[in-house]
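Here's the letter readout for the chains.
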Amino acid sequence: MRLRFPLLLIGLAAVCALAGFAAPAQTPSTGVASRARHSGPFVPDGLDATEVSEIDLEGLKKILQRDPKDPRPLLINFWATWCDGCREEFPDLVRIDNDYRDRGLNFISVSLDEVTEIKTTVPDFLKQMKAQMRVVLLNVKDPEPAIHAVDETWDGALPATYLFDKDGKVVFKYFGAIKPAELRSAIDKLVRGKQ
Amino acid sequence: MKKHHALSLFLASILIVGFAAVAGSGRNGSDLPAPPAIGTTIDDFKLPDTDGAEHSLKSLTGKNGAVLIFISVQCPVSNGYNERMEKLAQDYKAKGVNVIGINSNATEPVAAVKSHAAEKHFTFAVLKDDGNKIADRLGATRTPETYVIDAGGKLVYHGRIDNSQNTANITSNDLREALDEMLAGKPISKTGGAAFGCSIKRAS
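Residue numbers (this note's numbering), protein chains in the order written: chain A, 3 to 197; chain E, 476 to 679.
Check the hints yourself; a few may be wrong.
[Stated by the list, open to error] Simulated DEER-style distance windows between Cβ atoms:
1) E:Ser534 - A:Arg97: 28 to 38 Å
2) E:Ser531 - A:Lys121: 47 to 57 Å
3) A:Gly106 - E:Lys562: 50 to 60 Å
4) A:Gly195 - E:Ile513: 41 to 51 Å
5) E:Lys562 - A:Gly195: 55 to 65 Å
6) E:Thr516 - A:Lys168: 44 to 54 Å
Derived from the structure by calculation, the hints contain no laboratory data.
Cβ coordinates follow ideal geometry from the N, Cα and C atoms, glycine included.
Same shape as in the complex, but just chain A:
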C-alpha cells in the first residue's frame, strides 16, 4: 500500500512527459515563440501581391515579433519559385488566404528567390496564381541567421509553413507541401466562424 502513492506520482510524471513529447507540432519552438511575444511594428496587409517588397534579416525579425495591437493569427509560408513543392502547394495557400482573410487571418508569404527576380519571376508567378496575400522577398547574404530567427529546428528546407496564434505561439508548422485540410483545421481553431 505504501508504494501506491509514489507509483501514482511516477505515473503522472510519465503521462505529463509523454504529453510533452507527443505534441511537438503543437508546442512553440523556442526561436519563434520567445521573440513573437515581444512587441514590434505593425505590419499592414498588402492586397496587391504583385508588388513584392524586399526585406532583410531585421525585416524578417519584425514580422516574427508581431504587433501587440494586431491580434490576428499569423500564417507565414516560406517559398521560392524554384521550389517544386512550393509551386505545388501555392494554389491551396491562395484558396486558404481567400477563405480566411475576412475571418481574421493575417497571411504573409516570404519568398527566398534571388532579389534580381523581385520584379520579374516572383510577381509573374503571383499573378498567375491570382495571389492577394502580402508577399515579401528576403534578401540576405547568409541565410543561416534568418533560418535560425524563424526556428532553431528548421534547416532551411522549402517550403516551410508556420501558423502563430494571437499570442505568437506556433500552433502548426509543416515542412514540405502542406496538406490543406490539416492547415485549415489548425486555422479554424484560431479564427472566427464563417459569416
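Fit chain E to the known structure of chain A by using the hints.
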C-alpha cells in the same frame, strides 16, 4: 500486492500507448526525423548505385573519411552546386576523402538519377535511397545537404556546402573548412550550417 501489480500494468500500458503515439507522430511534415548528433558513429548501411550494384558506406569511404551529399535531379539549388560538388570530390579524393551522392527523392526514379549523374559528369558514386530509409536515418531534409564522416566512422559535420547558391557571394565555405580541419587533426570549429534548399520528397 495484486493491487500493485494492477497499478504497474496500468502504468506500463500508459507508457506503451504514449510511446506508440510519439512514434506515430514521427514521419510527417511537422516532425521530421532528427539527425544524429555530431560525434555519433554512423552505422554502416548498403544502398544500390544507379546500375543496381549494392555498396556499403564502409566500402565507399576513403581512408580519411567520406562526405555524404543528398542530391536531386530537379532541384535548382542542388543543381546549382553540381560543379562545386564535383570539384570537391576531385579535390578531396586525393586527400583520402570520398564524396558519395545519395538521391532519396521518391519522385526521381533511378533512371533519371543515372542520366543526371552522367550528364553532369559526376565522378563520385551516386546511390539511390528508395523509401528514403537513409535520409530518415540521418535526418536529411533537403538538397543539397551534407554529412562528413571521419576515418573512424564518426559524424563530424552536418549541414550546408557554403553560404550562397551564387558562387560570387560565397563568404563562408563551411564544408571545405570542416574537411580541412578534420584532415589536419584539428577540432571542427563550425560543425554545421543552415541554407535554403528543396525538401526531400519522401515516399508516402
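Evaluation of the provided hints:
1. With their beta carbons about 50 Å apart, Ser534 of chain E and Arg97 of chain A fall outside the hinted range of 28 to 38 Å.
2. A beta carbon spacing of about 51 Å between Ser531 of chain E and Lys121 of chain A agrees with the range 47 to 57 Å that was offered as a hint.
3. For Gly106 of chain A and Lys562 of chain E, the Cβ-Cβ distance of about 52 Å falls inside the hinted range of 50 to 60 Å, so the restraint holds.
4. Separated by about 48 Å at the C-beta atoms, Gly195 of chain A and Ile513 of chain E satisfy the suggested range of 41 to 51 Å.
5. Between Lys562 of chain E and Gly195 of chain A, the C-beta spacing of about 58 Å keeps the proposed range 55 to 65 Å intact.
6. In this structure the hint that Thr516 of chain E and Lys168 of chain A lie 44 to 54 Å apart at CB holds, the actual value being about 46 Å.
The structure fails to meet hint 1 from the earlier list, while all remaining hints are met.
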